[in-house]
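> Chain by chain, the residues:
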Amino acid sequence: MEVRELKTLLALMQDFGLVELEIEDKKGKVRLVRAGVAPSAAPAPPVAASKDIAARTFAPQASRGAQKSAAAANGARGAEPPVIAENQKLVASPMVGTFYRASSPDSNPFVEEGDSVRKGQTLCIIEAMKMMNEIDADAGGRIVRILCENGQPIEYGQPLMILEVG
Amino acid sequence: MEVRELKTLLALMQDFGLVELEIEDKKGKVRLVRAGVAPSAAPAPPVAASKDIAARTFAPQASRGAQKSAAAANGARGAEPPVIAENQKLVASPMVGTFYRASSPDSNPFVEEGDSVRKGQTLCIIEAMKMMNEIDADAGGRIVRILCENGQPIEYGQPLMILEVG
Amino acid sequence: MFKKLLVANRGTIAIRIIRACRELGIGTIAIYSTADKDALHVRIADEAVCIGPAAAEDSYLNIPSIISTVLTYGADAVHPGYGFLSENGDFAEACRRSGVNFVGPRARHIRLMGDKPRARRIMKRAGVPILPGSEGTGVSELKDAQADAKRLGYPVLIKAAAGGGGKGMRVVRDAHELARLFPLARAESEAAFGSRTMYLEKYLERARHVEFQILADNNRNVIHLGERDCSIQRRHQKVLEEAPCPVMTKRLREKMGKAAVRAAEVVGYSNVGTVEFLLADDGQFYFIEMNTRIQVEHGVTEMVTSTDLVRESIRIAAGEPLGMKQRQIGIEGAAIECRIYAEDARTHLPSPGVVTNHHAPGGLGVRVETALYDGYRVPVHYDPLIAKLIAHADTRALAIVRSKAALREYVIDGISTNIPLHLKILDDADFQGGEFATDFLKRYETAPPAAPPAIEHPTAKAS
Amino acid sequence: MFKKLLVANRGTIAIRIIRACRELGIGTIAIYSTADKDALHVRIADEAVCIGPAAAEDSYLNIPSIISTVLTYGADAVHPGYGFLSENGDFAEACRRSGVNFVGPRARHIRLMGDKPRARRIMKRAGVPILPGSEGTGVSELKDAQADAKRLGYPVLIKAAAGGGGKGMRVVRDAHELARLFPLARAESEAAFGSRTMYLEKYLERARHVEFQILADNNRNVIHLGERDCSIQRRHQKVLEEAPCPVMTKRLREKMGKAAVRAAEVVGYSNVGTVEFLLADDGQFYFIEMNTRIQVEHGVTEMVTSTDLVRESIRIAAGEPLGMKQRQIGIEGAAIECRIYAEDARTHLPSPGVVTNHHAPGGLGVRVETALYDGYRVPVHYDPLIAKLIAHADTRALAIVRSKAALREYVIDGISTNIPLHLKILDDADFQGGEFATDFLKRYETAPPAAPPAIEHPTAKAS
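Protein chains in written order, with our numbering: chain A, 1 to 166; chain B, 167 to 332; chain C, 333 to 795; chain D, 796 to 1258.
Calculated directly from the structure, the hints in this document are not laboratory data.
Since we're looking at a predicted model, the values are computed, not measured.
A hint or two may mislead.
To be verified - So these bits of chain B aren't anywhere near chain A, every CB distance computed over 10 Å:
hint	residue
1	E186
2	L187
3	T264
4	S269
5	D281
6	M298
7	G317
8	Q318
To be verified - Simulated crosslink set (BS3-like; lysine-lysine; CA at most 27 Å straight-line):
hint	chain 1	residue 1	chain 2	residue 2
9	C	K657	A	K130
10	C	K657	D	K1045
11	B	K296	D	K799
12	A	K130	C	K336
13	D	K1219	C	K335
14	D	K798	C	K756
15	B	K255	B	K285
16	D	K919	D	K962
17	C	K369	A	K89
A virtual CB, placed ideally from N, CA and C, is assigned to each residue, including glycine.
My request is simple: use the sequences and hints to build the entire structure.
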């Protein structure tokens, strides 16, 4: 099918309260169902897709990718948001800065993957303007995955770790 | 189907209170369900809609309409193609020129609405470059409607009359 | 030259700066709020860093976050664009302290020109004509304002000492109005700038807003690039600008240009700047203020002088000398800029939403600066300026025709814009005759509706 | 001036002409085939008339239909653009006989310059240098061609006497090749132009294609507007053009310009025209042919000379005198035009289909001429030229950088384009150094695939 502006479609789906949208192409079939009608056990629209397509739309036609730094590649914009289970949550950075796993180069990391943590426990440090900002767990649980490398630049809102709650 | 302007279709859905819209193409099948209306035998697909949307897209934002002459307004592009029944056909102009209903200003028109015509009978004249080109009926039947005014400029392919065959 | 420049802005000016950097071989870092993740400036920059949530205070005005981005991602220069932090002395200073170049004047010049009564004093001393107004550091009490107004004679204009953008500005025609509106203006100033200090100026009924573009390098070479006429304003907000000013003479340009250069020289100014004047019917002109940044309307000057002001400002910030001399600057033809706002044509309220169809005009003499694209959602959080359409031609008459033709070709579906207003202006006989002042747009004002209408559903009118 | 002009063309040049008319206050009639009912030129013209079915022979090349439209819808001028009927003497004459102005030279000049051997003879007599080649009216038999080739010495170029656009053209390096390729070239000429008459020219291995823009009014005032370098060609089809030619000197420009003006003067030419030369390594130049219409690449000349060639051609056709003198023409900066074709990057086969996403670049010094819009279906029936991207800057180096940046911002999804090829050219060190000849693009030729691949489903890659 022609997915000319799926991103816009998705926005429109939201705007128009569509609960179902079916497109089958090679020039055939569309089905649109708005809310308030019976068949509504529709799954939530894949919001992430919207972003991907948006990103693709302006993908440079030449190989500008090479110029893109790790920043863009790793940033909230560039990367797929990690998929998490229902009992998991993402620890996101509240600021721009540099990610550190330990309080100093020769200290042990605050946490390792698999570690259990309690609410309020320091998970990592984001250095911003020479200030060391401790990022604490806002719930007890287990660190399932650490998503960033030590010393890596971090955007606002960038996922740092996956925490399994409970 | 052409999903190029699905978003516009969505706007139309809203405007017409559609809750469901199903299109399967290669010029076949449309299903439109309006809110509060029992799903019914859907009317014929509004084929013209696609063209209208295309035309609208670039509708000038200011009142350029005033500058548009009768040519544009009456042309194949500007006007709705007339709706015809299954046993009817359109007589379309094979050339650009001026439409005349009679062979000279003081002659009687070749045909009037309601007249029966036989195959090969002259229906009208298109004058192009001082040449008078007779347009003949390519089937016998009855002239249901004459779509153009005497002396009117005519585009290539512009519908001139509706002929009910048989 | 710089290696990597952080663009501390969004929208059309961010695009403009990124393009200029690309041509200078400078890498670019775009910053963006979470509301702007799909914005065009994010997409065309070499790198892009999310710096905070949608609210401007937490992102585009968030100095610590921006400086942290500079340090973490390794930029050696920052361009502030216009609006946001562009006239914030603290930001310029924070950049300097972080060892990064700020593309703009020194912090003290930003602060000096931001203090309007002080700038007036300096200009007066330097022999640059100013309007009669409050003396000293301004007034914050009604009784002082009343004394000033009495001395000046009505009408007078109340202005915020720390002001800009029309905030805290009121015209008063008698003592009664002054008593009523002074506290209102002061409250507005306090809300917008955190300052109760106001000043009064004699109000000219029919004057044009004429501003001179300044370029100054770090070695005190200062030139001007002629003027722009920005009289077409709605409530002190520019709507349409042009260069040259249609009533300018060579002699007057020389005189006003000299005053503008003097204004920059007297404070030791560097980088781009704009000296704004009121030009009265009798040919007298008066300094209003100096803007210490690139202006929205810089493009019209670029077209008629064949210069690249953003490029020049970056070069100057990198320590390079001015690339041209005053005598090399000529004015070729005429250029008009239409600011395209996402706003309701009738109410002037912002009209955010999804752009369901976008087609920019093009062709000879037509320049478009925009951050729009098909499917882009204009966010509610920021300035509604979505595009600038600049037409350049041999003559002003042709620039007007070219602007109109381009506006008619412009397709922006899904949201409302002020394109119809621009067409009205360009069709206006007085505008075409060059006969207008800052009150021009009042003729197209419609009374605001009783209650502000709900913002229209962005896609409703797409049908 | 004219009241209503019929644009006998489609695509970018139709848009260009409509815009020029709008600026001159002339109404416009677009014509279109049934395949073009949604085309942009149809949408932006004041009126639009469908003149026939998709096949060009039945619509854009259908003289009776076009003349009938002129008479029925009441136009007083016709602009042929380029391609289609632009160099058809019969069409120019049919316009004149119908009492309507043809924007272009007189029919006899079109026919004269269309007869290549005759044009060569006239130029030779007028003292304009020509390449050694066939004498008289050309050759149609192999034995005559063999005699000519022997006299000239190999390599030689076979050309169609009625030719253009690379059709019927072949380089031959020895008698054996001549025997093989002459009948082939002749057959091509017969198919394309209905003429078996060919002529031979000495072939220059490393020469540049340098052409001069001519403007002439009806009072025999002739000027030139400098040159364009169009050496970047693929199989005799121009791909990228620039002004000025990077190796041009002031002295050589004067000399070649004088020859070009002489070429127009000697036949009493009027309106726009282009005199094409080959420029050899040693600085010698040779007349190839004269194009009696506006060229695709006219925009680069407009940028560096600040003229509007389409406007001028319409003014001249309306009987107005030249608006400028030779000494007023200067060359400012450098301009590059990239022709954007809807073609497969590897096979160069046309790539028609629906444009699923369209975003044109913009900003300072960037001019886009296109008939594309978002959702437009590029038809299979016509030339694959879908856009021209023109970058103008102070220097050639900056024009190259600006072109590259703009090409990277250009989004045309759903169909393939030659944008990647342009980026390769602009990145090429020899191109950047100005060191290239008409054989330049051979280095980027890839062997054509064994079998032409099926044209990709236009939307397949959008998903």
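> Does each hint fit the structure? Answer for all of them.
Checked hints:
1. E186: 5 Å, violated
2. L187: 5 Å, violated
3. T264: 39 Å, holds
4. S269: Holds, because the least Cβ-Cβ distance between S269 of chain B and chain A comes to about 47 Å, which exceeds 10 Å.
5. D281: 42 Å, holds
6. M298: At about 43 Å from chain A, M298 of chain B clears the 10 Å cut-off, so the statement holds.
7. G317: 42 Å, holds
8. Q318: Non-interface label on Q318 of chain B holds, nearest chain A Cβ at 37 Å vs cutoff 10 Å.
9. C:K657 x A:K130: Violated, at about 44 Å.
10. C:K657 x D:K1045: 25 Å, holds
11. B:K296 x D:K799: 21 Å, holds
12. A:K130 x C:K336: Within the cut-off at roughly 21 Å; holds.
13. D:K1219 x C:K335: 24 Å, holds
14. D:K798 x C:K756: 24 Å, holds
15. B:K255 x B:K285: 13 Å, holds
16. D:K919 x D:K962: Holds - the C-alpha atoms of K962 of chain D and K919 of chain D are around 24 Å apart, at most 27 Å.
17. C:K369 x A:K89: 22 Å, holds
When each numbered hint is compared with the structure, violations occur for hints 1, 2, 9.
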